[in-house]
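S.K.: The listed protein sequences correspond, in order, to chains A and B.
Numbered per the working numbering, the first sequence spans residues 212 to 462.
Numbered per the working numbering, the second sequence spans residues 9 to 295.
There could be a bad hint or two in this list.
With beta-carbon atoms standing in for the labels, derived distance ranges [stated by the list, open to error]: (1) A:L434 - B:H219: 51 to 59 angstroms; (2) B:S148 - A:K330: 36 to 44 angstroms; (3) B:F289 - A:D402: 54 to 62 angstroms; (4) B:D103 - A:L275: 34 to 42 angstroms; (5) B:A17 - A:E234: 47 to 55 angstroms; (6) A:D400 - B:A285: 57 to 65 angstroms; (7) A:E234 - B:D85: 27 to 35 angstroms.
Please keep in mind that the hints were generated in silico from the structure rather than gathered at the bench.
Treat the numbers as computed from the prediction; the structure is a model and nothing was measured.
Ideal Cβ positions, reconstructed from N, Cα and C, are used throughout, including at glycine.
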Amino acid sequence: MTDATIAEICVGAVADTYLESGEVLAHAVGLIPAIGARLAKLTTAPDIVLSDGEAFFMAEPPALGKSAASGGVIEGWAPFRRIFDILATGRRQSMMGASQIDAFGNQNISLIGDWKTPKRQLIGVRGAPGNTANHRVDYWISRHSARIFVDNVDMVSGVGNDRARAVGDVLRFHHLGAIITNLCVFGFDADGRIMVKSVHPGVDPAEVERETGFTVDAQSAPLTRVPSDEELRLIREVIDPRGLRTREVAN
Amino acid sequence: MTDKTVSIAEAIAGIESGMTIGIGGWGSRRKPMALVRALAQSDVTDLTVVAFGGPDVGLLAAAGKIKKLIYGFVTLDSIPLDPLFTQARERGAFDIEEYDEGMYVAGLRAANQRLDFLPIRAGLGSDVLPANPQLKLVESPYSDEVYVAMKALPLDVALVHVNRADASGNAQFLGPDPYFDDLYAMAAKRTIVSTEKIVETNELLNEGSFHTLLFSRIYTSAVVEAPNGAHFTSCEPDYNRDEAFQKHYVASAKDPEAWKAFTERFLSTDEAGYHAAVAKFHEEAQA
Numbered sequence: 212m213t214d215a216t217i218a219e220i221c222v223g224a225v226a227d228t229y230l231e232s233g234e235v236l237a238h239a240v241g242l243i244p245a246i247g248a249r250l251a252k253l254t255t256a257p258d259i260v261l262s263d264g265e266a267f268f269m270a271e272p273p274a275l276g277k278s279a280a281s282g283g284v285i286e287g288w289a290p291f292r293r294i295f296d297i298l299a300t301g302r303r304q305s306m307m308g309a310s311q312i313d314a315f316g317n318q319n320i321s322l323i324g325d326w327k328t329p330k331r332q333l334i335g336v337r338g339a340p341g342n343t344a345n346h347r348v349d350y351w352i353s354r355h356s357a358r359i360f361v362d363n364v365d366m367v368s369g370v371g372n373d374r375a376r377a378v379g380d381v382l383r384f385h386h387l388g389a390i391i392t393n394l395c396v397f398g399f400d401a402d403g404r405i406m407v408k409s410v411h412p413g414v415d416p417a418e419v420e421r422e423t424g425f426t427v428d429a430q431s432a433p434l435t436r437v438p439s440d441e442e443l444r445l446i447r448e449v450i451d452p453r454g455l456r457t458r459e460v461a462n
Numbered sequence: 009m010t011d012k013t014v015s016i017a018e019a020i021a022g023i024e025s026g027m028t029i030g031i032g033g034w035g036s037r038r039k040p041m042a043l044v045r046a047l048a049q050s051d052v053t054d055l056t057v058v059a060f061g062g063p064d065v066g067l068l069a070a071a072g073k074i075k076k077l078i079y080g081f082v083t084l085d086s087i088p089l090d091p092l093f094t095q096a097r098e099r100g101a102f103d104i105e106e107y108d109e110g111m112y113v114a115g116l117r118a119a120n121q122r123l124d125f126l127p128i129r130a131g132l133g134s135d136v137l138p139a140n141p142q143l144k145l146v147e148s149p150y151s152d153e154v155y156v157a158m159k160a161l162p163l164d165v166a167l168v169h170v171n172r173a174d175a176s177g178n179a180q181f182l183g184p185d186p187y188f189d190d191l192y193a194m195a196a197k198r199t200i201v202s203t204e205k206i207v208e209t210n211e212l213l214n215e216g217s218f219h220t221l222l223f224s225r226i227y228t229s230a231v232v233e234a235p236n237g238a239h240f241t242s243c244e245p246d247y248n249r250d251e252a253f254q255k256h257y258v259a260s261a262k263d264p265e266a267w268k269a270f271t272e273r274f275l276s277t278d279e280a281g282y283h284a285a286v287a288k289f290h291e292e293a294q295a
């Protein structure tokens, strides 16, 4: 099928982050990540555990934006306190957003500017330090730009590869997976540095390079895979029939 | 059993300037707002506030009550940021300790175990450590590992709001999430419980199973009956968040003139006056 949108290609790339995950709690922040996790559960990663975003695990992919209260089969109770226990055991995988990311995957969601008197206070580090210390973390960036992919982040919230390596073995559970954007999929090379894994069909590789604030090579990267007909059907008819995905990535 | 029932004013009267106050709930959920509103109006100053913050932090920041904020985040959930908090933070209005959420919980747990710290992996490699130079590392006595020694967060007073309680302070939650209210209660010297409804002890299991009895009267110093006392935050299943009012709060908070009007209309009054003003706000929105 050739009519897949960029949003749907991103959903497919999100789903692929769960290929080897097994029986873990999939924690996905944002619409495209939420749709991607549900797609993975319905296709290649049936064992992942999905939350309703409140206090319950759902045996079937929950409706987007609807909690257990709106129906569905509850398979577990996980109030916030249990989430911290689960992440410490490593049985969790997170896809978080980012206000800034540097070339080694250090992520910032806390503030812009100086720690003492920030230019803009954002959400705070929230769980990013603990997530990156304990289990696999991926990132989702809906608007790829050189304002997000920067040389230095203002407050390291999620720990990058260079920092984790400098700390040493106590951070052996640190695991950055992929960074999926509306332009491309990033992975990490042997040195822990961001590299272009694939560029989405229809995107000019030069745009990826221009919109990334540090040097990356997008010219030799393959194309991101396009979801299969069955995946597109699941996305369009089952998981997101109202087309909420276009709110994050326009057609 | 001792009857610990008091009024909001009596409960707040025991809070002194300079104290460390833990506030239960999470973001814009089951916050002890009736107690917070009264505290914001009181003469108390220089508080150290410990919270997974929501509008409790915003209101106390706007009232100039905070000397130091110890927090995991401040959010209104359906609206990501509280403008009263971000404005205060951006002008450096008070000292802060910002922790990873897991570290914050470890600090509460350390306090309620009467330990100085608990070890945790979270924070290593991140800028939470340089931003909080008071934090130290600790060597494992069993291996070569070095962890963050998350310092205890002991509280002088904890404020929590629950669905039901009896007059002696047995506290019950009926919603899907207990949040961390029992940890605040255990970490504090004194805990003030506000509740939607005070019931007889033998009625506690009428609405929920024994699993919903969150913490015991052994942690409770005072009980305040405050119906709608979490407004405008949620208190499931008794009520959801008042989203329309929260929007009004945020819009007002973004403009000094509008905030002054909001304060005069909703906050320069007692709890009954507040709820009357809120009812009028909704009537006008309907019209």
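S.K.: Determine for every hint whether it applies to the structure shown.
M.R.: Evaluated hints:
Our hint of 51 to 59 angstroms for L434 (chain A) and H219 (chain B) holds, since their Cβ atoms are close to 52 angstroms apart. One distance hint, 36 to 44 angstroms for the beta-carbon pair S148 (chain B) and K330 (chain A), holds here, with the actual separation near 39 angstroms. The hinted window of 54 to 62 angstroms between F289 (chain B) and D402 (chain A) holds, with their beta carbons roughly 58 angstroms apart. For the pair D103 (chain B) and L275 (chain A), the beta carbons lie near 41 angstroms from each other, so the given range of 34 to 42 angstroms is met.
Roughly 53 angstroms separates the CB atoms of A17 (chain B) and E234 (chain A), a value that falls within the hinted 47 to 55 angstroms. For the pair D400 (chain A) and A285 (chain B), the supplied restraint of 57 to 65 angstroms holds, since their beta-carbon distance comes to about 60 angstroms. Between E234 (chain A) and D85 (chain B) the Cβ separation comes to about 29 angstroms, which falls inside the hinted range of 27 to 35 angstroms.
When held up to the earlier numbered hints, the structure conflicts with none and fits them all.
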